[in-house]
Amino acid sequence: MSAVGLYVPGTGPLHRVPAGPKLLALLVTGVALVAAAHLWISVAALAAAVAVYPVAGLSLRHAFRVVRVLWPFLLGIAVFQTLMGEWTEAVRLCAQLGALVLLANAVTLTTRVSAMLDLFQRLARPLRHVGVDPDRVGLVLALTVRSIPMVGQAWRAAREGYLARGMSGRPHLLVVPVIVQLLRMAEATGEALVARGMDEGEREA
Amino acid sequence: MPVQRTTDVRYRGLTARDLALIAVFAALIAALSMFVAIPIPFSPVPITLQTLGVMLAGALIGWKRGTLAVAVLLALGFAGLPLFAGGRGGLAVLVGPSGGMVLGWLLGALVIGALTELMLRNGRYRFWKGAAINVLGGMVVIYAVGVPWMAVVLGDGALASLMAVAVYLPGDLAKAVIAALIAATVHRAYPIPPAGRPVISAEEDRA
Amino acid sequence: MLRLEGVSHAYDGNPVLHGVDLELREHRIGVIGANGSGKSTLARTLNGLVLPDAGRVWLGEWNTHRHARHIRRRVGFVFSDAANQIIMPTVAEDVEVGLRPLKLGREETARRVDGILERYGLAAHRDHPAHLLSGGQRQMLALASVLATEPEVLVCDEPTTLLDRRNTRMVHRVLDTLEQQVVLFTHDLDLLAGFDRVLVVDGGRVVHDGSPEDSVAFYTRLMDATPATPHDPDPVAGPAAEPGSTPDPAPEPGGRR
Numbered sequence: 001m002s003a004v005g006l007y008v009p010g011t012g013p014l015h016r017v018p019a020g021p022k023l024l025a026l027l028v029t030g031v032a033l034v035a036a037a038h039l040w041i042s043v044a045a046l047a048a049a050v051a052v053y054p055v056a057g058l059s060l061r062h063a064f065r066v067v068r069v070l071w072p073f074l075l076g077i078a079v080f081q082t083l084m085g086e087w088t089e090a091v092r093l094c095a096q097l098g099a100l101v102l103l104a105n106a107v108t109l110t111t112r113v114s115a116m117l118d119l120f121q122r123l124a125r126p127l128r129h130v131g132v133d134p135d136r137v138g139l140v141l142a143l144t145v146r147s148i149p150m151v152g153q154a155w156r157a158a159r160e161g162y163l164a165r166g167m168s169g170r171p172h173l174l175v176v177p178v179i180v181q182l183l184r185m186a187e188a189t190g191e192a193l194v195a196r197g198m199d200e201g202e203r204e205a
Numbered sequence: 001m002p003v004q005r006t007t008d009v010r011y012r013g014l015t016a017r018d019l020a021l022i023a024v025f026a027a028l029i030a031a032l033s034m035f036v037a038i039p040i041p042f043s044p045v046p047i048t049l050q051t052l053g054v055m056l057a058g059a060l061i062g063w064k065r066g067t068l069a070v071a072v073l074l075a076l077g078f079a080g081l082p083l084f085a086g087g088r089g090g091l092a093v094l095v096g097p098s099g100g101m102v103l104g105w106l107l108g109a110l111v112i113g114a115l116t117e118l119m120l121r122n123g124r125y126r127f128w129k130g131a132a133i134n135v136l137g138g139m140v141v142i143y144a145v146g147v148p149w150m151a152v153v154l155g156d157g158a159l160a161s162l163m164a165v166a167v168y169l170p171g172d173l174a175k176a177v178i179a180a181l182i183a184a185t186v187h188r189a190y191p192i193p194p195a196g197r198p199v200i201s202a203e204e205d206r207a
Numbered sequence: 001m002l003r004l005e006g007v008s009h010a011y012d013g014n015p016v017l018h019g020v021d022l023e024l025r026e027h028r029i030g031v032i033g034a035n036g037s038g039k040s041t042l043a044r045t046l047n048g049l050v051l052p053d054a055g056r057v058w059l060g061e062w063n064t065h066r067h068a069r070h071i072r073r074r075v076g077f078v079f080s081d082a083a084n085q086i087i088m089p090t091v092a093e094d095v096e097v098g099l100r101p102l103k104l105g106r107e108e109t110a111r112r113v114d115g116i117l118e119r120y121g122l123a124a125h126r127d128h129p130a131h132l133l134s135g136g137q138r139q140m141l142a143l144a145s146v147l148a149t150e151p152e153v154l155v156c157d158e159p160t161t162l163l164d165r166r167n168t169r170m171v172h173r174v175l176d177t178l179e180q181q182v183v184l185f186t187h188d189l190d191l192l193a194g195f196d197r198v199l200v201v202d203g204g205r206v207v208h209d210g211s212p213e214d215s216v217a218f219y220t221r222l223m224d225a226t227p228a229t230p231h232d233p234d235p236v237a238g239p240a241a242e243p244g245s246t247p248d249p250a251p252e253p254g255g256r257r
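Residue numbers (full-length UniProt numbering), protein chains in the order written: chain A, 1 to 205; chain B, 1 to 207; chain C, 1 to 257.
Across the chosen pairs, the derived CB separations fall in these ranges:
{"hint": "1", "chain 1": "A", "residue 1": "His129", "chain 2": "B", "residue 2": "Asn122", "range": "29 to 39 Å"}
{"hint": "2", "chain 1": "A", "residue 1": "Pro9", "chain 2": "B", "residue 2": "Leu107", "range": "34 to 44 Å"}
{"hint": "3", "chain 1": "A", "residue 1": "Pro9", "chain 2": "B", "residue 2": "Val9", "range": "47 to 57 Å"}
{"hint": "4", "chain 1": "A", "residue 1": "Gly57", "chain 2": "B", "residue 2": "Leu136", "range": "39 to 49 Å"}
{"hint": "5", "chain 1": "A", "residue 1": "Leu173", "chain 2": "C", "residue 2": "Ser211", "range": "40 to 50 Å"}
{"hint": "6", "chain 1": "A", "residue 1": "Leu173", "chain 2": "C", "residue 2": "Asp190", "range": "34 to 44 Å"}
{"hint": "7", "chain 1": "B", "residue 1": "Ala158", "chain 2": "A", "residue 2": "Pro18", "range": "37 to 47 Å"}
{"hint": "8", "chain 1": "A", "residue 1": "Arg128", "chain 2": "C", "residue 2": "Gly203", "range": "53 to 63 Å"}
{"hint": "9", "chain 1": "A", "residue 1": "Glu191", "chain 2": "C", "residue 2": "Asn35", "range": "21 to 31 Å"}
{"hint": "10", "chain 1": "B", "residue 1": "Asn122", "chain 2": "C", "residue 2": "Gly203", "range": "57 to 67 Å"}
{"hint": "11", "chain 1": "A", "residue 1": "Ser59", "chain 2": "C", "residue 2": "Arg100", "range": "47 to 57 Å"}
{"hint": "12", "chain 1": "C", "residue 1": "His187", "chain 2": "B", "residue 2": "Val36", "range": "33 to 43 Å"}
The hints are simulated quantities; they were obtained by calculation from the structure and are not laboratory data.
C-beta: ideal position from N, C-alpha, C; glycine also.
Same shape as in the complex, but just chain A (with noise of 0.2 Å):
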């Protein structure tokens, strides 16, 4: 897959680490984390993770961009639990959910979309026992990062059929339009793969 995603190309400690045990790892810490419910190893954890930025060689701003996000959660349990009249219980749980998050993003930065797609796949493995078809998984993949400027093709298909026929102002109008459009799309790429045998689509799944 060709798509470099949210991946920071590197070659720091954690860029080498496959992906498999960076996965592990994060699950392992996050049930570590909640099963303890400690304050103090929760701001360790929390310390830990803002370290870990450094150190893979990421810039500390990917580390603010994604707890950004967070922070109408974050007010949300000062808030709470301040009025519950915990504010241990409100600095534990930012920074566990702080910690986490940290540590997740740094594992999607660092690890390739490829990669990542790859240990999925394994993981999915056991599928195959109720008839998922590896080979088609990974096409639909490729399929799917393909159609997404295919959207906005068909959104400029039709929007340019609306306004050659003089219509404005209706953009309501548009949204059936768009989804036809990518229907028709599909079917057409459907035929397509069959015609040129990447999916004899007769198989049993």
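Following the hints, complete the assembly by docking chains B and C onto the known chain A.
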């Protein structure tokens, strides 16, 4: 009885067209969250139409393809493509407060898809029934997964419920109605065939 | 009357039209040209779908930069793929939606819809999903929906490209009987017999302007003079030159950062 069974056509598997539909709807949900972002004051997460996309996936392409479209979107988003609200993505979304809501989309699309297919089998798409299905699948089911998750992250169930009601409920209610309006019109404009290939049950029995 | 004044346009730095000056007075005007010659873009400037980077397109006292909406209601437009301009689910609804801005009142609107469907042989399909019509019927619906609004000029961008011979003849016959001015952009040279004037577009310029026989002969010479090698890249055919038909370049959702 066996005579009747030969006329009972069922659909099995997924065709290449179904794969393309799954991809296109995953892309539609992504586009609705990436390109349509209405900023709201005091909130860093803009209002997006992601849940509208999830509801449409279920209501238009059915439970099987709809659920798979959501699954594909989640896989790509968690893997690090910025496909969620406001260009967010990666595992931070999963461990954050709304991670459960996002996972709940899977079940939501499944419920909406299954109930919509049931409605279509017994006639045509009815707006009010469709809206009720969207509320059930797109709100009740998604919140049933999302709110407990949020309760763990925020440390309190009451706070989580309050947040869900304040942040998600008004928009989702509007989206459930809009999704039903769109689905009713699309089903009239461009009937979408069911997923899979038709299989005569009698043949299946013999196999 | 449509009048073009020094119309130039470029897509992403690729020039498509170079200072086109035209006065379109004749009743039947044809425009021919190779793929990527700027034909489609020229067609789209005529009703304001494309606003040229330089120059103006006038309809009487209006120009498309300032009065695109008015001009679009007077200059009807038909695409090669009718599916691009179908807006509503069923045939009758699609004709009706185009009439809504005219505010004719419920009864007059209904009467016009019925009349138009009757005239274009679609009355039997009035409640049929428009997208499930056959290709020929779909193009008739596109024409019907546009003509229902009684435009002064009808611009057709390769309206028969996707049609078989019989449906092409049907479209031809419809265009033939119209009282309105018709500006027909086409690859189908047979359609141009009896036209008053035919323009040849090449490299974003009008390179020939004359009678159908004259222009078709010129165009044939022009096309046969260039070697038809598969490696010949089309310098002006950008993705926007043929909207909807050319896939976008490689998707880059991550490129936003």
